[in-house]
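Novice: Sequence:
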Amino acid sequence: MSTLTTSTETQDTQDTQDTQDTQDTQDTQDTQDTQDTQDTQDTQDTQDTQDTQESLNEYEQERVPEHRLLGWRHFMGSYSGEHVAGTEFVIGAAFVAWGASTFDILMGLLIGNLMAVLTWALITAPIATQSRLTVYEYLRRVAGPSFNKVYNVVNAVLFCALGGAMITVSASAVRILFNIPAQTHWYPDSAAFVAVALTVGAIVVAVAVLGFQKCAQFATVCSPWLLVVFIAGGMVALPALSAIGNGETFTGFNQFLALADQYIWTGQTPDGSPSMTFWQIAAFAWVCNLAMHGSLGDMALLRFAKSKKYGYFSAFGMFFGHYIAWICAGIMGAGAMLLMKTNMSHLDAGGIAHAVLGATGIVAVIIAGWTTSNPTIYRAGLAIQSIFPNKSRAYITSIVGVITAVIACFPFVFTRLLDFVGYMGLLLAPVGANTSGMTVEEASLVAINELHALNHRVGIPAGFAQLRVTEEDILSWVDDALADPCARGNPHPMTREQVLELYKKAL
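The sequence shown begins at 1 in this note's numbering and counts up one residue at a time.
Simulated from the structure, these hints should not be mistaken for lab results.
Possibly wrong hints are sitting among the right ones.
[As the list claims (entries may be wrong)] SDA-like, lysine to any residue: derived pairs with alpha carbons at most 20 Å apart: (1) Lys308 - Lys504; (2) Lys504 - Ile448; (3) Lys309 - Ile448; (4) Lys341 - Ala97; (5) Lys306 - Lys504.
Keep in mind that this is a model prediction, so the values were computed, not measured.
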């Protein structure tokens, strides 16, 4: 009996020990699972953080890497969205007040916008895709940091003013919803308008901080609808103009030209001053974006392009925005003046769109101003960030955006917009000029000849061989050269074979 009891106790002890061992094993397994889960979560968090940092990295001081290049849809959408904008309501209607004739508008804008597209495609895009740098970093390497800082400050101020005008355009539509009067003075005469401008500015800056890709995606979504709104506005205004006139309906292009000559582009100004000529219209269409193409400002955008041919996608902005939209805006402006029995000086973009299209016009002007101000603030942020390279682009863009939003509270940037874009183009365009008139190959030969002349005067060895350097020695030099941090910022990256061949020639 005692033996049986002892055996039973031993069995119970063994069962207890097994249970404890099982529990310990389970606890160990749970601890390991928890640790694995935590490690997985930490890895995921680290990856998410790296992805976020990568998405915000715009490569302000270095070449854009191959994996960050963008397809043609981004540039078609970006140019369409930026140039089918709220300012088109202003500029298109201004041609009416300037006394342009119908023929001069149709043909002058055609030639001027064609010149703009060719400037983007033949000058800006090739330089941008070859260097993969912003114009600010490119200029720093070419002209030095001192000149670069002066240029960047001027550039940023001008882009801030232009971006502010775009925000003012959007605010001019929002103010209708709150019965705020049109702001036609250089200063705001309504605290409510200031609040509206600051609110719109905050939303715009939030998108600009995210970088070019997000700006382009936003514009790609909005631009097709905006173009339809402009065309619809012109079509709605034409019957109204016809009804005010002789009441005849038109069924062809000749009837449209007759109506346009009589009620839209009459060739006469309200005050009898000289009318705008054919070549003035063509020049304006080209110069109004000279800061972006002629002075290479759009290197900030086109450095992401896979091909220099993407410069031709600027045609979507020029001919949809600065041709079709300007013409439709002129029709809407003339219609709004007749319907509201007022003149152009008492109308803003929101007033014109609302008079013709109602609530749809308000939404169109808000989004149109937004799609233009986004890339403009982005450019201004890049300009200032190149002066303060230790600060992040997102941080600098936020600061620039606050300044731009404050500028937007003062309507003078909107009322004097047409003068401003002309001055802006003339101030910035010389930076993109080839003052020597040489090609890249010719400039390279001049540099080589200068080095040869220096060699002759100073007595520099003609090659590495004179310094007892052998071909085996230069193999390590090639690896060191490619590993050097400066090589990553070279506007013209080279392969190992190309560097090796270069050193062999130097022997």
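Novice: Compare the structure with each hint and give your call.
Specialist: Hints versus structure:
{"no.": "1", "hint": "Lys308 - Lys504", "verdict": "violated, 32 Å"}
{"no.": "2", "hint": "Lys504 - Ile448", "verdict": "holds, 17 Å"}
{"no.": "3", "hint": "Lys309 - Ile448", "verdict": "violated, 31 Å"}
{"no.": "4", "hint": "Lys341 - Ala97", "verdict": "holds, 14 Å"}
{"no.": "5", "hint": "Lys306 - Lys504", "verdict": "violated, 32 Å"}
Hint compliance for this structure: hints 1, 3, 5 are not met, and every other hint is.
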